[in-house]
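Participant: Here are the chains, one letter per residue:
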Amino acid sequence: MGQMRQMESSARVEGGEPLLVRQIAAGDRAAFQALYRLYFPRLARFLDRMVRNAPLLEEIINDTMLVVWQKAQTYDHSCKVSTWIFAIAYRQGLKAVNLLDEPVESDFELQPGCASQEPEQAALQQQLQQDVGRALDALPMEQRVVVSLAYYHDMAYQEIAQTMNCPVNTVKTRMFHARQRLRGMLSAHMEEIS
Amino acid sequence: MSTNQQANTHGAVQALLPWFANETLPADEMALVRGHLRECPQCREDAAWQQRLRAAEPAMPAGLDPERALARLIPQLGPQTDAQADMQMNTQMNTQMITQPALQAPPQPAGRPAPRAPSLAERWRALWSRGGTALPPLLSAR
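As they're listed, the protein sequences go chains A and B. Counting from 1, one number per residue, gives the positions in the first sequence under our numbering. Counting from 1, one number per residue, gives the positions in the second sequence under our numbering.
Careful: at least some of the hints might be erroneous.
Claimed, not checked - For the chain B half of the interface with chain A, some residues (derived, Cβ under 7 Å), not all of them:
1) A27
2) M30
3) L32
4) L37
5) R54
6) P75
7) P79
Stated by the list, open to error - Beta-carbon label-pair distances, calculated as ranges:
8) B:R34 x A:P167: 25 to 33 Å
9) B:P79 x A:K80: 42 to 50 Å
10) B:P26 x A:T170: 32 to 40 Å
Derived from the structure by calculation, the hints contain no laboratory data. Here a beta-carbon is modelled for each residue, glycine too, at the ideal position from N, C-alpha and C.
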C-alpha cells in the first residue's frame with residue numbers, strides 16, 4: 001500500500017492530469033495507463049467505503065476508467081480532473097450497490113467489539129482505524145460518501161456537490177448528521193489515542 | 001457581537017469545520033472559522049476531533065493489484081491506429097517519472113471492431129461461479 005500512496009503523491013507533484021486527459025481523448029494508451037495507475041489507489045479507497053465488497057473493487061475501478069477512456073473528449077475543464085473522475089466512480093459505485101442488492105448500512109453496535117489490550121500506540125491506531133471503518137459502514141451511504149470525500153480525499157464542499165450531483169447545502173447537511181453519528185459511535189475509542 | 005450573532009456564527013462555523021480541517025475553504029470562510037476558533041473552545045475541540053478522525057482512515061482491503069486489473073482492461077479499449085501508437089511512444093517517454101513499465105495491449109488488426117466489454121452483471125456472475133459461491137439473489141433470478 002505504501003507504493004500506492006507514493007504513486008498518489010507523485011501525481012499531485014506532477015499536476016499534469018488535464019494534459020493526460022487531452023492525450024487520452026486523442027487515443028493515447030500510454031497516457032491512459034499513467035492516469036489509471038495514478039487513480040487506482042484513490043478510487044480503491046473511495047469505492048471500498050461505498051461498496052464494501054473487496055473482490056469487486058477492481059471491476060468497478062475498471063468500469064470507471066473505461067468510461068474515462070471513452071468519454072475523455074467530453075471533459076470540459078469546468079471542474080478538476082479528480083472531480084470528474086470521482087463523479088464517474090460515484091455513479092459506477094451506485095450501480096454496483098444496486099446490483100448487489102445488499103443493505104448498505106450495518107449496525108455498529110451489533111458487530112463484535114475490539115477492545116485490544118495492546119499497549120503500543122501503533123496497535124491502538126490500527127484498532128482505531130478498524131473502529132472508524134465499522135462506524136463509517138454504519139452510516140447511510142450518502143453520508144459515508146461525503147465523509148470519505150471530505151476527510152480522506154480532501155475535497156472542497158463544492159467539489160463533493162459536483163461529484164454527487166446535489167446542492168452544496170445537501171453536502172453540508174449530510175456531513176453534519178454524519179459527524180454527529182460518528183461522534184456518538186466513536187467517542188470512547190477516540191479518547192484512547194487523544 | 002450580540003448573542004444572536006455569536007450563535008449564528010457558531011452554527012455556520014460548525015458546518016464548515018470539516019473543510020477547515022482539509023484546508024479547502026475559501027479565504028473569507030477560513031478567516032471566519034479561525035476568528036471563531038480563538039473564542040470557542042467547543043469548536044476547537046470539535047476541530048481537533050475531526051483531525052484525529054482524518055488521521056484514522058481505515059486501511060484498504062488487501063489483495064488489490066493495479067497491474068492485474070489494468071491488464072484485464074487494456075483489451076477492452078479497442079483497436080489502436082498508427083497515429084495513436086506514435087503518440088503512445090511519445091507519452092511513454094514524457095511520463096517516465098509517473099509511470100511504471102507500460103503494459104502492451106495485444107495487437108489487433110486495424111478496422112476490426114473492439115470486442116464488446118462484458119457487462120458488470122456478466123463479470124460478477126463469472127466471478128461468483130468461479131468461486132463456487134451461490135449467486136446473489138438478484139443475479140441468479142435472471
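Participant: All the hints need checking, so say for each whether the structure fits it.
Facilitator: Evaluation of the provided hints:
For A27 (chain B), the interface hint is violated, since its Cβ never comes within 7 Å of a Cβ in chain A; the closest pair sits about 13 Å apart. With 7 Å as the threshold, the beta carbon of M30 (chain B) stays out of range of chain A, its nearest partner Cβ sitting at about 12 Å, so the hint is violated. Of the supplied interface hints, the one on L32 (chain B) is violated, with its beta-carbon coming no nearer than about 14 Å to a beta-carbon of chain A, more than 7 Å. Look at L37 (chain B): its Cβ only gets to about 16 Å from chain A, farther than 7 Å, so that hint breaks.
Using the Cβ-Cβ criterion of 7 Å, the hint placing R54 (chain B) at the interface with chain A is satisfied: the shortest such distance is roughly 5 Å. A least Cβ separation of about 11 Å between P75 (chain B) and chain A goes past the 7 Å threshold, and the interface hint is therefore violated. A hinted interface residue such as P79 (chain B) counts as satisfied when its beta carbon comes closer than 7 Å to some beta carbon of chain A; here the least separation is about 10 Å, so the hint is violated. For R34 (chain B) paired with P167 (chain A), a C-beta distance near 26 Å keeps the hint of 25 to 33 Å intact.
Against the hinted window of 42 to 50 Å, the Cβ-Cβ separation of P79 (chain B) and K80 (chain A) comes to about 31 Å, which falls outside the hint. Here the CB-CB span from P26 (chain B) to T170 (chain A) is close to 19 Å, at odds with the stated 32 to 40 Å.
Of the hints listed earlier, those the structure fails to meet are numbers 1, 2, 3, 4, 6, 7, 9 and 10, in rising order.
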